[in-house]
Amino acid sequence: MTNGKRILFLLRQAPYATCHALEALEAVLVAGVFDQQVSVLFRDAGVWQVVNGQDGSALEARTIGKVAQALPQYGVTALYVCGESLAQRSLCPADLVLPVTVLDDAAQARLLAAQDAVVND
Amino acid sequence: MKIGIAVHGAPYSSQASATALRFARAALAAGHTLPRVFFYHDGVHAASALTVPPQDEPSPQPGWAELAQNHGVELAVCIAAALKRGIVNDEERERYELAAASLHPAFTIVGLGQLVDAVCATDRFVTFAA
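Going down the list, the sequences are from chains D and C.
Per the working numbering, the very first residue in the first sequence carries number 1; after that it's consecutive.
Per the working numbering, the very first residue in the second sequence carries number 1; after that it's consecutive.
Quick caveat, the hints were computed from the structure, so don't treat them as lab data.
Among the hints, a few may not be true.
[As the list claims (entries may be wrong)] DSS-like mimics (lysine-lysine), calculated; alpha carbons at most 30 Å apart, straight line: (1) C:Lys84 / D:Lys66; (2) D:Lys5 / D:Lys66; (3) D:Lys66 / C:Lys2.
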């Protein structure tokens with residue numbers, strides 16, 4: 001498997017209400033160490049996972065933004081965020097912990113269509 | 001076609017497990033193969049042998065066990081997600097000196113890498129979210 005499969009993880013859940021976001025990110029990190037073409041699309045409440053200034057210690061929880069920041073070290077550098085989801089929450093790319101590519105709905109549709117598999121959360 | 005399935009919702013609190021089971025049966029009936037169903041997030045609760053389903057609310061668990069037994073479907077449960085939710089096999093019960101094991105024998109505890117492996121080894125991958 002030289003180039004591997006194109007696998008997109010679609011992350012849509014807010015970071016701290018449940019452990020769902022953390023577990024989903026852990027799955028992405030594991031996928032990153034496999035020899036695959038892994039990408040991530042943060043959408044809906046999932047954009048809060050990558051917002052700046054998080055501090056999980058107040059909840060005795062891991063800081064999800066820090067976990068997300070580890071993605072490039074695991075070989076996951078194709079990171080996308082839904083522009084509409086950001087706008088709905090009065091967020092902009094400068095508010096995020098990682099360099100990401102902001103996509104409109106049409107571009108997200110093309111991204112999804114280009115995958116071998118989409119794993120939603 | 002080889003189809004992979006992930007189940008992310010717990011039985012009863014979510015429809016995910018029951019819907020995934022119906023999908024799995026339909027896929028097999030249509031001639032597809034299902035090498036592995038991967039239970040992650042709250043989906044791991046499907047593997048608990050310590051549930052008592054109410055008589056009028058059928059549990060998907062016997063259906064999953066039947067797929068494993070008669071169709072060779074591997075029922076893979078993520079170890080990290082399982083242990084923190086009290087889904088424990090004998091080996092882990094011993095390791096952590098717990099009072100009891102709770103894993104239904106039709107299910108297997110595996111690492112998270114098996115999720116990625118299931119995605120890579122199948123032609124289609126379908127997630128049943130919570």
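Evaluated hints:
1. Restraint check for C:Lys84 and D:Lys66: satisfied, since their Cα atoms lie roughly 22 Å apart, inside the 30 Å limit.
2. For the hint linking D:Lys5 to D:Lys66, the alpha-carbon distance of about 26 Å falls within 30 Å, and the restraint holds.
3. A hinted pair counts as satisfied when its Cα atoms are at most 30 Å apart, and D:Lys66 with C:Lys2 does not qualify at roughly 36 Å.
Checked against the numbered hints above, the structure violates only hint 3.
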